[in-house]
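Participant: Here are the chains, one letter per residue:
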Amino acid sequence: GDSVTQMEGPVTLSEEAFLTINCTYTATGYPSLFWYVQYPGEGLQLLLKATKADDKGSNKGFEATYRKETTSFHLEKGSVQVSDSAVYFCALSGLGGSNYKLTFGKGTLLTVNP
Amino acid sequence: EAQVTQNPRYLITVTGKKLTVTCSQNMNHEYMSWYRQDPGLGLRQIYYSMNVEVTDKGDVPEGYKVSRKEKRNFPLILESPSPNQTSLYFCASSFGGETQYFGPGTRLLVL
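Quick mapping for you: the protein sequence lines, in order, are chains B and L. Residue numbering for the first sequence follows the numbering used here, starting at 1 and increasing by one per position. Residue numbering for the second sequence follows the numbering used here, starting at 1 and increasing by one per position.
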């Protein structure tokens, strides 16, 4: 079945550091790929998405490129801020018939220190 | 404002006492779904619904029931809660296979 593997956390960075959170997936066909962010005490918010190979999703300075050849969707940001501290989830939406289920990775906790 | 709401946000209950967590969306979405989030396991789908009166099991449906009598509402029912259902629950909705919007979550503790 479908699965998502993302790097284990927690990740601790200083403000203005470069961020990479690795994400790889296993799925049949060509799933859509997502990054969701969960700020402390809140629900999940869509950060960015890509629906086909070589698409680049971007939002709030974050970027991720859909790499079919390496089945990856790594999240990057050039300069993190304290306000980026949150849990980040990589997810895919497969082609499972009528169920638009999201398959999530286990999440990566990011802490950014001033 | 487009949103998914859940109630209650926090709930402490005892084993065997039936409870319902409500979910409502104001975006006229046909698709709705419930997930539970557990440490080290990420989010797992419990049930989903493609439209009114159309529901089906997700990956972890045991111990849960749902209903979809109206398009906007998708309540999650725990008829006899057990401690292993202590978790953080999220409702989500979407228009077809498009972006899913999540509610704020319901934190449940079953003693």
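Keep in mind that the hints were calculated from the coordinates and are not lab data. Fair warning: there could be bad hints in the mix.
List time: in silico DSS-like cross-link candidates among lysine-lysine, alpha-carbon distance up to 27 Å [unchecked claim]: (1) L:Lys17 / B:Lys106; (2) L:Lys69 / L:Lys57; (3) B:Lys56 / B:Lys106; (4) B:Lys77 / B:Lys49; (5) L:Lys17 / L:Lys69; (6) B:Lys52 / B:Lys106; (7) L:Lys57 / B:Lys49; (8) B:Lys106 / L:Lys57; (9) L:Lys65 / L:Lys17.
Participant: Does each hint fit the structure? Answer for all of them.
Facilitator: Going through the hints against the structure:
For the hint pairing Lys17 of chain L with Lys106 of chain B, the CA-to-CA distance comes to about 30 Å; that exceeds 27 Å, so the pair is violated. The hinted pair formed by Lys69 of chain L and Lys57 of chain L meets the criterion: a straight-line CA distance of about 17 Å does not exceed 27 Å. About 22 Å separates the Cα atoms of Lys56 of chain B and Lys106 of chain B, which keeps this hinted pair within 27 Å; it holds. For a cut-off of 27 Å, the pair hint linking Lys77 of chain B to Lys49 of chain B stands: about 15 Å separates their Cα positions.
Among the hinted pairs, Lys17 of chain L with Lys69 of chain L is consistent with the structure: their alpha-carbon atoms are about 23 Å apart, no more than 27 Å. Pair hint Lys52 of chain B plus Lys106 of chain B holds up; C-alpha atoms about 23 Å apart against a cutoff of 27 Å. Note on Lys57 of chain L and Lys49 of chain B: the hinted pairing holds, with a Cα-Cα distance of about 26 Å set against a maximum of 27 Å. Between the alpha carbons of Lys106 of chain B and Lys57 of chain L the distance comes to roughly 21 Å, so the proposed pair stays at or under 27 Å and holds.
For the proposed pair Lys65 of chain L and Lys17 of chain L, the alpha carbon gap of about 14 Å is at most 27 Å, so the pair holds.
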